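K.L.:
Taken in sequence, the protein lines are chains A and B. Sequential numbering of the first sequence, starting at 0, is according to numbering that gives the first Met the number 0. Sequential numbering of the second sequence, starting at 0, is according to numbering that gives the first Met the number 0.
Everything labelled a hint here was simulated from the structure, so no lab data went into it. Please note: incorrect hints may appear among the correct ones.
Label-pair restraints from in silico Cβ distances [claimed, not checked]: (1) A:Asp-223 - B:Ala-324: 55 to 63 Å; (2) B:Thr-97 - A:Asp-344: 22 to 30 Å; (3) B:Lys-111 - A:Glu-380: 30 to 38 Å; (4) A:Glu-380 - B:Thr-143: 54 to 62 Å; (5) B:Thr-329 - A:Asp-68: 38 to 46 Å.
Partial pick of chain A residues on the chain B-facing surface, computed with a CB cut under 7 Å [claimed, not checked]: (6) Pro-22; (7) Asp-68; (8) His-353; (9) Ile-354; (10) Pro-392.
All values derive from a computational prediction rather than experimental measurement. Note that beta-carbon positions come from the ideal geometry of N, C-alpha and C, so glycine has one too.
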Amino acid sequence: MADIRNDFVGIKSPNPFWLASAPPTDKAYNVERAFKAGWGGVVWKTLGEEGPPVVNVNGPRYGAIWGADRRLLGLNNIELITDRDLYQNLTEIKQVKKNWPDRALVVSLMVPCEEEAWKAILPLVEETEADGIELNFGCPHGMSERGMGAAVGQVPEYVEMVVRWCKQNTRMPVITKLTPNITDVRKPARAAMAGGTDAVSLINTINSITAVDLDTFAPQPTIDGKGSHGGYCGPAVKPIALNMVAEIARDPETAGLPISGIGGITTWRDAAEFMALGAGNVQVCTAAMTYGFKIVQEMIEGLKNWMDARGHARLEDIVGRATPNVTDWQYLNLNYVTKARIDQDLCIKCGRCHIACEDTSHQAITALVDGARRFEVIEEECVGCNLCVNVCPVEGCIDMVPLAAGVVDKRTGATVSPAYANWTTHPNNPSRVTAAE
Amino acid sequence: MADGHYTDGIAAGRLKGEDYQRNFADLHPPLDAHEAAVEADRCYFCYDAPCMTACPTSIDIPLFIRQIATGNPLGSAKTIFDQNILGGMCARVCPTETLCEEACVREAAEGKPVQIGRLQRYATDTAMAAGRQFHERAEATGRTVAVVGAGPAGLACAHRLALHGHSVTIYEARDKSGGLNEYGIAAYKTPGGFAQAEVDYVRAVGGISIEHGRALGKNLSLGELVGDHDAVFLGMGLAGVNALNAEGEDAEGVENAVDYIAGLRQAEDLSGLPVGRRVVVIGGGMTAIDAAIQARLLGAEEVTICYRRGREQMNASAFEQELAASKGVTIRHWLQPKRVLAENGRVRGIELEYTALSNGRLTGTGETLTLKADQVFKAIGQSFMAGVLNGNSASVALEGGRIRVDGEGRTSMSKVWAGGDCIAGGDDLTVSAVAQGRDAAESINRALMG
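Only chain A is shown next, with the shape it has when bound in the complex (with noise of 0.2 Å):
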């Protein structure tokens, strides 16, 4: 069987996932439940300095947007950090580490922007004996307004110099948590590195709408007649959140930051796919929000099936597989020509793949032959860009079926070369690069 036992900056804990601050690490009652039902470890809601704590809004803190039967696939919330007392959540975090030695506890962290205000939570935290902080520089709302949360992770210099506060007044390993609200995540990253940062975790929420009432003419969630801009999480960001932790795991200057993978993770199958592009672990909110702390029962057994089905022994073997595959566009192999191919067999005659392509894209896929409703593929025509695929409901129906080196692709009429070329070498590309005679 599988060891999924993780190592993250010297923070141990049984399985690689743990539950991200939010909601569901506000307090004791929930940690402790998650903990019961299996879950590596927590980061605790974000604290805040000391000092009456911060108000939520009394009405709808959630908007969402769904998939067909309702299937929640974004979530976006304007819920602030936590809004309890500094000391209770102190005290409570003490005594759940206390009762939970085996299991990872990091504290998430957002106070203003002064070394001084830093200076003082460090020492309460680190009594609480937690294994590690995490730095909220991500938050888009509300505490954004305030100078703190994304309004510092948005700034590179920001987040390096409260690294650096953080890492000269405490003994504890520092998580720096991004904000994907930004143009190139890999600024804060490096300016996170060389803060001094164990590591970086990624991604927080996105700005985000989820909708807009029709009735009131009100965005939502609604408070009032108004909305305001709320983080966006669940599913529906996970596609997002994989290229930023891609674009700093193979980016040379922050080669080996220790990553924590967040966005959208609902199966094993996404927390291995982050893994796979560099994260040490990931962390998990939308899906427990939504299905409650069972689903870790699920990753845990789907995970180490898939590892011991491959042979992959330890997480080791699995983090940043993907990573070399992530290449720029104008280094993918320009002579790897692909056909599609419908599965007749499997076809259920929905005709997707016919009016996608006929409307929209390559006029590549018939609707009738010889007189009977029939979808095949036009290799004449198909260009290989794996729409059909897309939009076919029957899984594995239509396969993209590589050209073997030799044969002439009846689009172009070239025959396919064995060779890897280019776009820095193609004749087409005005800065080509030209081998040397």
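Got chain A; can you put chain B on it based on the hints?
P.N.:
Showing chain B alone in chain A's frame:
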């Protein structure tokens, strides 16, 4: 159980009052908004959708389902009514399992089609409950058209003609409009007076008057109609019932299934409707199934359908056969009636002969079976009574005993169109009658406005 449950002979009140209500409640209760949304989500919005091709009225099914899915049930109803103004009844009575739902790609994918019929009912019920009309009549043309028969074909024809601005008079033999929707369909498929509500909905467009008690061959002649109107549409049903050709079939207790069903549909109190303790139904079509099931639902202890051929040859769909079985009806195959057994002129049983196919021909094997019965329903088909049609300068050509029409519904006689059960080559479906009525109306309009 009521006291009279095991009374021999034909008797009323076999059940308790609430049992009648339960037995004759909606076969498929309407979907609520959530159920409709969940079901609508399953539609793949196919290209050139097979369901749409399978629908005799060519309703744009993917579009109307998408409109339900997006919270636009009124738009959905318009999509349906544009093609089929009797979409509400068709949603209830269409054998969808052999039409749209059989063609649904979800049937191919997972053996579970989208419930198109129930979604169609959801949309049409929503619009009818809201009293929404989606069509406006064109300016009056001054042309008048006579429609004979206020059944599905006649109503669909009249509605489309009225939309084009023509003035329509429907001549209906019975006291109520609706045809088989009112007198023929099984009660549990269209409870709550839906047939009349639908007639009202169709007529609300205006320009349609209905004269009841007017029947060809009695107080109406085709020659006069042609003389008095710019065009005539014949949409009559099948008034004749095929005989068993079995000895003793004139005994008391041997009835036409269609007449019994009509009586049931018009009964104000089902507990007052007599039914046999042991009922035998002869036939293999929808009428046989409807009569058998409803006899059971009225409290008959034993109901047996006897059909002279095998399961595969039955006109009733597999769904209907299973429905009958689930209601406790026994279906027996390869049996033909030989002799009705009577005592004092009343049915006491029926003697049947086993049948077999020999060289493709159905023949009796000589072996017989006797079933106890105090009521026997004849459901071996109906025929068109063509005698009322011709004479007095009217001459409409027939084909196989029904009216011959061309692709547009034109008969051999000038100014006369026909559709529904009375025409040759039909499939006896409500939805086909609607399509024929509608298309004949378009043909009439082209002829009048040419």
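K.L.:
So, for every hint listed, does it hold in this structure?
P.N.:
Hints, verified against the model:
| no. | hint | verdict |
| --- | --- | --- |
| 1 | A:Asp-223 - B:Ala-324: 55 to 63 Å | holds (59 Å) |
| 2 | B:Thr-97 - A:Asp-344: 22 to 30 Å | holds (24 Å) |
| 3 | B:Lys-111 - A:Glu-380: 30 to 38 Å | holds (35 Å) |
| 4 | A:Glu-380 - B:Thr-143: 54 to 62 Å | holds (56 Å) |
| 5 | B:Thr-329 - A:Asp-68: 38 to 46 Å | holds (40 Å) |
| 6 | Pro-22 | violated (27 Å) |
| 7 | Asp-68 | holds (5 Å) |
| 8 | His-353 | holds (5 Å) |
| 9 | Ile-354 | holds (4 Å) |
| 10 | Pro-392 | holds (5 Å) |
Of the numbered hints given earlier, the model fails hint 6 alone.
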